[in-house]
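Those sequence lines, one after another, are chains L and A.
For the first sequence, position 15 (counting from the first letter as 1) is numbered 17 according to this note's numbering, and the numbering increases by one without interruption.
For the second sequence, position 306 (counting from the first letter as 1) is numbered 308 according to this note's numbering, and the numbering increases by one without interruption.
Hints should not be assumed to be uniformly reliable.
Stated by the list, open to error - Distance windows between CB atoms, simulated:
id, chain 1, residue 1, chain 2, residue 2, range
1, A, N290, L, E67, 42 to 48 angstroms
2, L, N228, A, R298, 18 to 24 angstroms
3, L, G93, A, R252, 39 to 45 angstroms
4, A, R252, L, H141, 51 to 57 angstroms
5, L, N32, A, L92, 20 to 26 angstroms
6, L, T103, A, S244, 57 to 63 angstroms
7, L, R252, A, V107, 34 to 40 angstroms
8, L, T132, A, P24, 31 to 37 angstroms
9, L, K124, A, P105, 58 to 64 angstroms
10, A, Q110, L, H141, 28 to 34 angstroms
11, A, G36, L, T132, 42 to 48 angstroms
12, A, S226, L, I316, 19 to 25 angstroms
Said to hold, decoys possible - Calculated lysine to aspartate or glutamate pairs in the EDC-like style (CA-CA distance at most 20 angstroms, straight line):
id, chain 1, residue 1, chain 2, residue 2
13, L, K34, A, E114
14, L, K207, A, E318
15, A, K106, L, D95
16, L, K108, A, E270
17, A, K108, L, E270
18, A, K140, A, E114
19, A, K207, L, D232
20, A, K22, L, E114
21, L, K140, L, D95
22, L, K193, L, D248
23, L, K33, A, E38
24, A, K124, A, E102
25, L, K22, A, E38
26, L, K220, L, D251
27, L, K106, A, E270
28, A, K69, A, E139
29, L, K108, A, E263
30, A, K33, L, D232
31, A, K220, A, E198
32, A, K34, L, E114
33, L, K295, L, D95
34, A, K108, L, D248
35, L, K297, L, D232
36, L, K295, L, E270
37, L, K33, L, E270
None of these hints come from the bench; they were simulated from the model.
These figures come from a predicted structure and were not determined experimentally.
The beta-carbon is built from N, C-alpha and C at its ideal position, and this holds for glycine as well.
Protein chains: 2
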Amino acid sequence: MPEYENILEAYNRIKNYVNKTPIMTSRTLNKKTGAEIFLKCENFQRVGAFKMRGAINAISQLTEEQKNRGVITHSSGNHAQAVALSAKLLGIDATIVMPETSPKVKIQATRETYSAHVVLCKNSLESRQTTTNQLIEKHNYTFIHPYDNENVIAGAGTAAHELLRQVNRVNMIFAPVGGGGLLSGTSIATKGYNSEIKVFGVEPKNVDDAYRSIKTRKLQTNESVNSIADGLLTTLSERTFSIISDNVDRIITVSEDQILEAMRFIWERMKIVVEPSGACSLAGILSNQVQIKNKRIGVIISGGNVDLNNFFQIYERRIS
Amino acid sequence: MPEYENILEAYNRIKNYVNKTPIMTSRTLNKKTGAEIFLKCENFQRVGAFKMRGAINAISQLTEEQKNRGVITHSSGNHAQAVALSAKLLGIDATIVMPETSPKVKIQATRETYSAHVVLCKNSLESRQTTTNQLIEKHNYTFIHPYDNENVIAGAGTAAHELLRQVNRVNMIFAPVGGGGLLSGTSIATKGYNSEIKVFGVEPKNVDDAYRSIKTRKLQTNESVNSIADGLLTTLSERTFSIISDNVDRIITVSEDQILEAMRFIWERMKIVVEPSGACSLAGILSNQVQIKNKRIGVIISGGNVDLNNFFQIYERRIS
């Protein structure tokens, strides 16, 4: 399991490759909640999400032999872009297995902007895994898991590490939970810094495996995977379950409405583009399940990658 | 005409009422342009636009008698919100004349969030002016013009004033131009700080009165008012024309496509919500009309108020 020390080491290892993302605040939000809220804006991170921190931390620690052979992951989301960019920055070959149904613009960006090899597969978890395993067998690539990887977790924890140095006297930290990599890293970074700071994980009600796993003390799965927070549909691994059990004070769940309301607040009032998963942690605060009055609260905004085509089509029609 | 000194005074007068907005940068943008670009993000200003600076600077300098009688303006845009919030912060009555066709949410926000009196009029410039003049005659309100007002101009100039203290060795500043208040204030603040810094105004081609006025040395009007940059549809006044003639190095015009492309870049790559008018200054840079290689360039992003209803309806449908 990663320790606090691993986060400090990760930070020194990656700090020249990642953005030190800013903290954003809102008078309206503080007034509305009676608390002081500090958004750690990982939507301003490279590739638009905290995933960059874990990917570069993991890939930069591979052996020379592993680096020569290259890395692989399967995802159409933020982790794929993060692995591709990290590999590019380190001069390593990256292969990304993406469902053939992925938006063309994403496939193109992964190929062109990040110079990765894209291999298309059928749109099922099975096809992704089979395709990936075949490529690993053939080329001996190193698989970079999106969260079930100690170095990825330590890298993810550097966002909270930074936050705790940008804002003093924090009482609580909220982070979203999907596979649990970000929440694991956040909790290790926070408790290592000051064990009195409370750590909350926020999860969509529709995919509440982490909530039920903690409650039943046994790793649970999700029956449906239907949430607008499409970065949080995955389930905990034994590793992240164990870290979260040890370090996180509480998992709270939020409805789709609450996620959307938090997202809309951030866009409309704070003028920041966040994805639904990224707004989850604020939804946890606004849902009034935790006593937050007069607290100083760090909120990890995990990412800002959303499809803006529909929005911009309205403007395109206006000018054509 | 406002002088550099007036901007310095305005800054001291208003700094506790306004946000010191952050500077945002983008590796991708710098790489794309070969320049170092610093966005002064007035979309993060109170009410979501630089207009707050001018309104609070003007209203706070009224006489006690004027303050007791109250202020008035007509607008459905950012200036209306800025006047309403400034008046509220100073404990003054504000009346906002808005077209009856304004979005309900805007009317409601002006009434509820900013506690202003909203008087609806027909959706024509004539009706706005008649309604406003009748109210002034009856109540002796002080009219706060959105740009043809020395104190509004001096207030607007404090954005560039701040920028020049946040970023050193700036070579150029780009600002959008509609009525010319922001560009006037920006040019006075910049030339007063260092006359060698070049100041560029950027205007939509479709409403290029400032460009033509400078070219012909005579105040021009617009025949059409058809641009997505709906904050820039107004024309220069004699006052702003005179200031811009004296202080601005060049006005460049940009197409609707170029405005939209710049806006989309800021949203997608920088994760910041800007309105079309706010993206105009960056469109001026990206349009390749000015030699910018290796320059350090300040860009005033004027505001971020856009209607997000269509965008969020897509999500609402998904969760219902």
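Legend entry - Hint check against the structure, violated hint numbers in rising order: Those not satisfied are hints 2, 8, 9, 10, 15, 18, 19, 20, 23, 30, 31, 33, 34, 35, 36.
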